[in-house]
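Assemble the whole structure, with the sequences as input and the hints as a guide.
There are 4 protein chains.
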Amino acid sequence: MTGDMLARGRAVLEAQAFSRLIGAKLVAWSPDLAELAIDLQPHHLQQHGVAHGGVVSYLADNALTYAGGSRLGDSMTLEFKINYLRPARGERLVARARVTGSGKTQAVCQCDIFIVAGGAEKLCAVAQGTIWKVEPP
Amino acid sequence: MTGDMLARGRAVLEAQAFSRLIGAKLVAWSPDLAELAIDLQPHHLQQHGVAHGGVVSYLADNALTYAGGSRLGDSMTLEFKINYLRPARGERLVARARVTGSGKTQAVCQCDIFIVAGGAEKLCAVAQGTIWKVEPP
Amino acid sequence: MTGDMLARGRAVLEAQAFSRLIGAKLVAWSPDLAELAIDLQPHHLQQHGVAHGGVVSYLADNALTYAGGSRLGDSMTLEFKINYLRPARGERLVARARVTGSGKTQAVCQCDIFIVAGGAEKLCAVAQGTIWKVEPP
Amino acid sequence: MTGDMLARGRAVLEAQAFSRLIGAKLVAWSPDLAELAIDLQPHHLQQHGVAHGGVVSYLADNALTYAGGSRLGDSMTLEFKINYLRPARGERLVARARVTGSGKTQAVCQCDIFIVAGGAEKLCAVAQGTIWKVEPP
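Protein chains in written order, with my numbering: chain A, 1115 to 1251; chain B, 1115 to 1251; chain C, 1115 to 1251; chain D, 1115 to 1251.
Careful, some of the hints might be misleading.
As the list makes no split between identical chains, a pair holds if one copy fits it or if it spans any two.
[Stated by the list, open to error] Only pairs whose alpha carbons sit at most 27 Å apart, straight line, appear in this in silico DSS-like list of lysine-lysine:
{"no.": "1", "residue 1": "1247", "residue 2": "1218"}
{"no.": "2", "residue 1": "1236", "residue 2": "1218"}
{"no.": "3", "residue 1": "1236", "residue 2": "1139"}
{"no.": "4", "residue 1": "1139", "residue 2": "1247"}
{"no.": "5", "residue 1": "1247", "residue 2": "1236"}
By construction, these hints were calculated from the structure, which means they are not laboratory data.
Right under this line is the structure:
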């Protein structure tokens, strides 16, 4: 069941051209939880050699949406907020999001974003946002 | 003077590999104001044919940093929040950010993000955040 | 019409025991706009003699809800974010909120909060949030 | 040591006139953690009989500041964001905040706010913000 869910989630990510451009991977997706990751390449960086804030916030935003979508079905991010804690210098970014609370049409989700450097994970940002069920047209 | 400033700002953007990957342009940069834009290409979209939220939030984040940096010098985004207002379906994204208030080491900035479709601009997101002066090492 | 609206809005505020405790006044309420104010008293302050952050955020939150409610009817704040710009030292707090964008069930609103000192207004905080239409039970 | 810290923290809260008006209590304060609570009275409510959002956000804001202050010393909230999860109907509000990351002059903190009803705690809001060290004049 969860395996099917993960396969479906990966197909959605694959259908997002921008996610392919960035090279994001859906590592895990189960009820109320989502994990996305990016293996950092030179094109993800900014002028100081660390991952661009836009890469970190992309990953947070998308992980929040996946977490909320695990509860709501097809959904989108209504809003989110992110605090950057440290420069994201390393070889891999990992975002882990969870549903904190939810109703019929929305879910509040939170996300921890880690930078993996030399095999060790360090928290580099935290995010919080509202996910919204998309009504079929 | 402002022309020099714009040229300097563009050099910084050009030094960000991720900004080159996304194709962001610094349209205007003057004291307390910044405008960034992206001409939308297929690789900016998500599965429903609109600009990915990560593209919109990248542009907001970067415009906030430029606005704050116009006051503070070399700086970074400490945190920001974004509300998405409508799907970003169109040919161009434009983010206009301004300094709302500032101190010696930080600036609060706000940003309006527009989608341009058929030549008409519509507000598609609003963002608010804190920019932080980076101390030279 | 707008006069009736203001009278209705004041009746709602009067029905909020906490708003009476704080002494908030609805100064203006019209489609997409709301203005709330508090004449500062010693019991609004914190230990440094300025208005407590909780007073400022209360006023921002409530003004956002009134702005959104002008479009949506009976409604509540789903989430908001506030940046404090300067200490609120003065004789009166004024919050002016507006609808930035809205759909059928929600509105994104923004709010400027001013401190009035010696008759002059200074921006002391900015807020942004999502207002949600409350469905009748 | 922690007992002294709690006594000092309570003295600060007692020095905030607005916190006395609201009736907030500092339940616990130790390195990186803070817990504040309010026993709900009729004057804390809004028109639907639940705790006013301004009471919930006051408690979140103050708990964030105490958490950050445990690391930074005298400090203030620079900004925060709150998502309301459910109506705060019950007899007591409890806010538990923690330091998520910190530097020399700032700390990112997160806070869970619970409503206690019939002795059972339910999460009713989550908040995230930046606390700022106040420099002695």
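Inset, instruction - At 27 Å max between alpha carbons, let me know whether residue 1139 reaches residue 1247 within a copy, between copies, both or neither. - result: within (23 Å within a copy, 33 Å between copies)
Inset, instruction - Using 27 Å as the alpha carbon limit, work out where residue 1236 and residue 1139 are close: within a copy, between copies, both or neither. - result: within (19 Å within a copy, 32 Å between copies)
Inset, instruction - Please work out whether the CA atoms of residue 1236 and residue 1218 approach to 27 Å or closer within one copy, between two copies, in both situations, or in neither? - result: between (34 Å within a copy, 18 Å between copies)
Legend entry - Alpha-carbon proximity between residue 1247 and residue 1218, which holds within one copy, between copies, both or neither at 27 Å: both (8 Å within a copy, 14 Å between copies)
Legend entry - Status of residue 1236 relative to residue 1247 across identical chains (alpha carbons, at most 27 Å): between (32 Å within a copy, 23 Å between copies)
Checked against the numbered hints given earlier, this structure breaks none of them.
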